[in-house]
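Visitor: Sequence:
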Amino acid sequence: MADRRIAILGKTGAGKSSLANTIFGEELFKTSHSLNSETRKCQAETRSVNGRNITLIDTPGFFDTDVDEDKLKPEIVRCITECAPGPHAFLIVLTWGRYTKQEQDVINKINEYLSEEAFKYTTVLFTHGDQLPEGQTVENLVHRNKPVSDLVKKCGGRCHVIDNRYWKNNQQDEYRNNQFQVKELLTSIEKTAEANKGGYYTNEMLQAVEEKIRQEEKRIRKSAGNMSEREIRKQAKGRVFKMLLIILVAAAAVVLVAAFTGGAAGGPAVAAVAVA
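Heads up: the sequence shown at position 166 corresponds to 166 in full-length UniProt numbering, and the numbers run straight through without jumps.
Wrong hints could be hidden among the right ones.
[Unchecked claim] Keeping only pairs whose Cα atoms sit at most 20 Å apart, straight-line, the calculated EDC-like set for lysine to aspartate or glutamate is: (1) Lys183 with Glu194; (2) Lys109 with Asp173; (3) Lys109 with Glu139; (4) Lys183 with Glu69; (5) Lys242 with Asp70; (6) Lys101 with Glu116; (7) Lys191 with Glu103; (8) Lys237 with Glu194; (9) Lys234 with Asp3; (10) Lys183 with Glu139; (11) Lys41 with Glu69; (12) Lys154 with Glu103; (13) Lys237 with Glu45; (14) Lys109 with Glu69; (15) Lys153 with Glu204; (16) Lys183 with Glu45.
[To be verified] FRET-style restraints, in silico, Cβ to Cβ: (17) Thr137 with Arg165: 11 to 21 Å; (18) Asp105 with Asn50: 16 to 26 Å; (19) Asp70 with Glu184: 11 to 21 Å; (20) Lys153 with Lys222: 14 to 24 Å; (21) Arg221 with Asp3: 15 to 25 Å; (22) Ser32 with Gly238: 33 to 43 Å; (23) Asp70 with Lys183: 34 to 44 Å; (24) Lys71 with Lys197: 29 to 39 Å.
Since the hints were derived computationally from the structure, they do not count as laboratory data. Keep in mind it's a predicted model, so treat the numbers as computed, not measured. Backbone N, C-alpha and C fix where the C-beta goes; we use that ideal spot for every residue, glycine too.
Build out the structure end to end from the sequences listed, making use of the hints.
Guide: Structure follows, in structure tokens:
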């Protein structure tokens with residue numbers, strides 16, 4: 001079975017890292033209840049789930065309203081490098097039941113940054129499922145909040161829910177069981193991939209980065225010895241990350257995010273710089 005790359009988007013504190021741990025069934029991603037520097041770093045891990053290699057890319061808080069751009073930019077570049085040539089799915093992580101002005105600002109940013117093409121590969125994932133009323137599902141209740149409902153519609157109606165804290169061992173209610181929800185989520189992602197002809201989301205920027213990585217892989221293979229293809233790929237990504245960091249240092253964080261997700265603020269200029 002083909003590998004899958006899944007980019008997890010959302011603001012810091014929404015439960016992105018905990019979601020990644022729940023999907024893999026082990027504590028691989030760093031979590032914190034405080035908005036410290038660790039929770040604003042990109043982290044990518046690969047594990048086999050149901051016989052398929054899945055790479056989860058836990059992105060920094062692209063949509064945070066109080067982010068330090070200078071600290072965020074290297075993590076955006078790392079995310080672009082890890083996702084190349086493109087993710088098979090974007091997961092937008094929102095906290096169920098918490099609809100403050102800050103949450104609305106996050107949704108506004110998501111709508112601004114993601115292109116229409118990117119939304120074809122996107123699913124909304126709610127955390128804190130324990131806040132759901134007994135016997136209810138997110139599919140039944142999501143329409144009560146228009147901005148959230150509109151966002152889910154943009155994603156083709158795809159939405160799921162988990163609870164990283166209370167649903168771990170719930171055997172009485174199948175819906176309130178993380179194992180069931182993760183299975184449903186991954187099945188939904190596969191259906192989305194099939195609808196997109198088995199492909200992944202990509203754009204000029206991601207294609208340019210992938211070409212750079214492949215060039216580095218060729219160089220490394222010449223003296224690789226007994227290195228595995230995975231090790232070669234990892235080393236090539238590391239080299240390209242360092243190159244891009246130097247090349248893209250002058251670009252604004254908002255431009256880098258939009259170049260990654262295809263939003264209007266990105267554009268050919270950033271991709272052209274990446275190719276240089």
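Visitor: For every hint, state whether the structure bears it out.
Guide: Taking the hints in turn, this is what the structure says about them:
1. Between the alpha carbons of Lys183 and Glu194 the distance comes to roughly 17 Å, so the proposed pair stays at or under 20 Å and holds.
2. Under the criterion of a C-alpha separation no larger than 20 Å, the hint pairing Lys109 with Asp173 is inconsistent with the structure, at around 35 Å.
3. At most 20 Å may separate the alpha-carbon atoms for a hinted pair to count; Lys109 and Glu139 exceed this at roughly 23 Å.
4. This hinted pair does not check out: Lys183 and Glu69 have alpha carbons roughly 36 Å apart, beyond 20 Å.
5. Taking the CA atoms of Lys242 and Asp70, the gap is near 16 Å; set against the 20 Å cutoff, the hint holds.
6. Of the supplied pair hints, the one linking Lys101 and Glu116 is violated, its CA atoms being roughly 24 Å apart against a limit of 20 Å.
7. A hinted pair counts as satisfied when its Cα atoms are at most 20 Å apart, and Lys191 with Glu103 does not qualify at roughly 29 Å.
8. Distance check on the hinted pair: Lys237 and Glu194 sit about 28 Å apart at the alpha-carbon level, beyond 20 Å; violated.
9. Of the pairs offered as hints, the one joining Lys234 and Asp3 holds, with about 16 Å between alpha carbons and a cut-off of 20 Å not exceeded.
10. Proximity of Lys183 to Glu139 is assessed by CA-CA distance (about 17 Å); at most 20 Å being required, the pair is judged to hold.
11. As the CA atoms of Lys41 and Glu69 are separated by approximately 13 Å, the hinted pair is consistent with the 20 Å bound.
12. Annotation: proposed proximity of Lys154 to Glu103 holds, straight-line Cα distance about 17 Å (limit 20 Å).
13. Of the pairs offered as hints, the one joining Lys237 and Glu45 holds, with about 14 Å between alpha carbons and a cut-off of 20 Å not exceeded.
14. A threshold of 20 Å between alpha carbons decides the hint, and for Lys109 with Glu69 the separation of about 15 Å falls inside it, so the pair holds.
15. For the hint linking Lys153 to Glu204, the alpha-carbon distance of about 26 Å lies beyond 20 Å, and the restraint is violated.
16. For a cut-off of 20 Å, the pair hint linking Lys183 to Glu45 stands: about 19 Å separates their Cα positions.
17. Range check, Thr137 to Arg165: about 19 Å between beta-carbon atoms, so the 11 to 21 Å window is met.
18. A hinted range of 16 to 26 Å for the beta carbons of Asp105 and Asn50 is inconsistent with their spacing of about 37 Å.
19. Taking 11 to 21 Å as the suggested C-beta distance range, the pair Asp70 and Glu184 does not conform, at roughly 39 Å.
20. Restraint check, Lys153 to Lys222: a C-beta distance of roughly 51 Å breaks the suggested window 14 to 24 Å.
21. Arg221 and Asp3 have their C-beta atoms about 20 Å apart, which keeps the hinted 15 to 25 Å range intact.
22. The beta-carbon spacing between Ser32 and Gly238, approximately 25 Å, falls outside the hinted interval of 33 to 43 Å.
23. Roughly 41 Å separates the CB atoms of Asp70 and Lys183, a value that falls within the hinted 34 to 44 Å.
24. Lys71 and Lys197 have their C-beta atoms about 38 Å apart, which keeps the hinted 29 to 39 Å range intact.
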